[in-house]
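Modelling step: build the complete structure from the supplied sequences, incorporating the hints.
Those protein sequence lines, which keep their order, are chains A and B. If you want this note's numbering, it's the position in the first sequence, counting the first as 1, plus 1. If you want this note's numbering, it's the position in the second sequence, counting the first as 1, plus 10.
Check the hints yourself; a few may be wrong.
For lysine-lysine, the following DSBU-like pairs were computed, each having C-alpha atoms within a straight-line distance of at most 35 Å [unchecked claim]: (1) B:LYS157 x A:LYS79; (2) A:LYS103 x B:LYS177; (3) B:LYS164 x A:LYS103; (4) B:LYS102 x A:LYS79; (5) A:LYS79 x B:LYS47; (6) A:LYS79 x B:LYS164; (7) B:LYS102 x B:LYS183; (8) B:LYS112 x A:LYS79.
Facing chain B, from chain A, some residues (calculated, C-beta under 7 Å) [to be verified]: (9) ARG47; (10) LEU49; (11) LEU63; (12) ASP66; (13) GLU70; (14) TYR92; (15) GLY93; (16) PHE95.
Source of the hints: derived by calculation from the structure; they are not laboratory data. Using N, Cα and C, we set each Cβ at its ideal position, and we do this for glycine too.
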Amino acid sequence: MKRWTLSLCAALLLGASTASWSADAQPLADDPVVEARLVGIAEELRCLVCQNESLAGSRADLAEDLRREIRTLIRQGKTDAEVMDFLVSRYGDFVRYRPPVKPTTYLLWGGPFVLLAAGLAGLVVFLRRRTPPDAVALTAEEQQRAAALLNENKNA
Amino acid sequence: MKKFFLVPLGLFAVLAVFLAVGLNRDPHEVPSPLIGKPAPVFSLPRLEAEAAGQAFGPQEMRGKVWMLNVWATWCGPCRQEHPVLVDFAKAKLVPIVGLNYKDQKAEAQRWLTEFGNPYVATAVDADGRVGIDYGVYGVPETYLIDKTGAIRFKQIGPLTAEVLQKKVIPMIKELQS
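In structure tokens, the structure reads:
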């Protein structure tokens, strides 16, 4: 009998705690899957009002509206790429922190590698042109003097 | 060998030019991808008390060159822009349509009676959804739309007499001809 009451109490407690859990989570996100996807997408996007903040982190009014819009799109079953397209078609590539590779951004993406290649080429040319200091040939007279000095050392 | 000294100097000059150009550009002016594209369709209730129950949509302006001005009473630069718009409307070059963005209806109506109404119609975008379709991110913004319904020009921030004279009016004349 005692054991039975104990387990009932435990069950009630457990039930109560799970209930309060879900009640607490409600206002934050009614669907954690949607919210996780929203954060994933919004981290990649720039808030146009405060441009150094991502859409996920910004508290600007427009950012809130756009997050609401993205939530609706996700619920409609749109893929991440489709949601991105929705925003890019309205605000341009600038909303993306990682701009797409296309003719207008070739320089942006390729520029650093071009500079690296140019730097390496410059280095090679510089090293090749440099005359090594030890390649200076000795005259016959200097050779004799050198030999004499070396011999002197040996005899001592 | 002496030429090598010119390389860093040249690189510095290039860098300086890039930085100078970059510093003189306004990062808040993001080029709109909507230029040349059809103006997004919408149907929104009108603000004017006398037009209660009526809706406005851009499709009504087909065949006309017209201007869509996004404004709100909470927007400081809009107040600065408003007299410019009232003046411009008097010239009757193009019809100006207002898009009252995320605003209180009563306050917006009071604004128009107090400061004058340059708009042939004002649509109420209470939740800002149409604003999103138009890529609005900083009020005021103004769109110039041609006879076929395509967006041809977008002004981010307030219109000034100078912008109107130098850019907008020549463009309107070209689009109307």
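We went through each hint and held it up to the structure:
Distance hint between LYS157 of chain B and LYS79 of chain A is fulfilled; the C-alpha atoms sit about 34 Å from each other, no more than 35 Å. For the hint linking LYS103 of chain A to LYS177 of chain B, the alpha-carbon distance of about 30 Å falls within 35 Å, and the restraint holds. In summary, the hint linking LYS164 of chain B to LYS103 of chain A is supported, as the alpha carbons are separated by about 24 Å, within the 35 Å threshold. For the suggested pair LYS102 of chain B and LYS79 of chain A, the alpha carbons sit about 44 Å apart, so the restraint of at most 35 Å is broken.
Taken as a hint, the LYS79 of chain A and LYS47 of chain B pair is honoured in the structure, with Cα atoms around 23 Å apart against an allowance of 35 Å. At most 35 Å may separate the alpha-carbon atoms for a hinted pair to count; LYS79 of chain A and LYS164 of chain B meet this at roughly 29 Å. A distance of roughly 12 Å separates the Cα atoms of LYS102 of chain B and LYS183 of chain B; the hinted pair therefore holds under the 35 Å criterion. For the proposed pair LYS112 of chain B and LYS79 of chain A, the alpha carbon gap of about 26 Å is at most 35 Å, so the pair holds.
Residue-level restraint check for ARG47 of chain A is violated (minimum Cβ-Cβ distance to chain B is 9 Å; threshold 7 Å). Evaluation of the LEU49 of chain A hint against chain B yields a held restraint, the C-beta minimum of about 4 Å falling below 7 Å. For LEU63 of chain A, the interface hint holds, the least distance from its beta-carbon to any beta-carbon of chain B being 6 Å, beneath 7 Å. Given hint, ASP66 of chain A at the interface with chain B, holds; its Cβ is 5 Å from that chain's nearest Cβ, closer than 7 Å.
The beta carbon of GLU70 of chain A comes within 6 Å of a beta carbon in chain B, closer than 7 Å, and the hint placing it at the interface holds. Taken as an interface hint, TYR92 of chain A checks out: its beta carbon lies about 5 Å from the nearest beta carbon of chain B, inside 7 Å. Because the beta carbon of GLY93 of chain A sits about 4 Å from the nearest beta carbon in chain B, less than 7 Å, this interface hint is met. At a threshold of 7 Å, the smallest CB-CB gap from PHE95 of chain A to chain B is about 5 Å, leaving the interface hint in force.
The structure fails hints 4, 9 (numbered hints given earlier, in ascending order).
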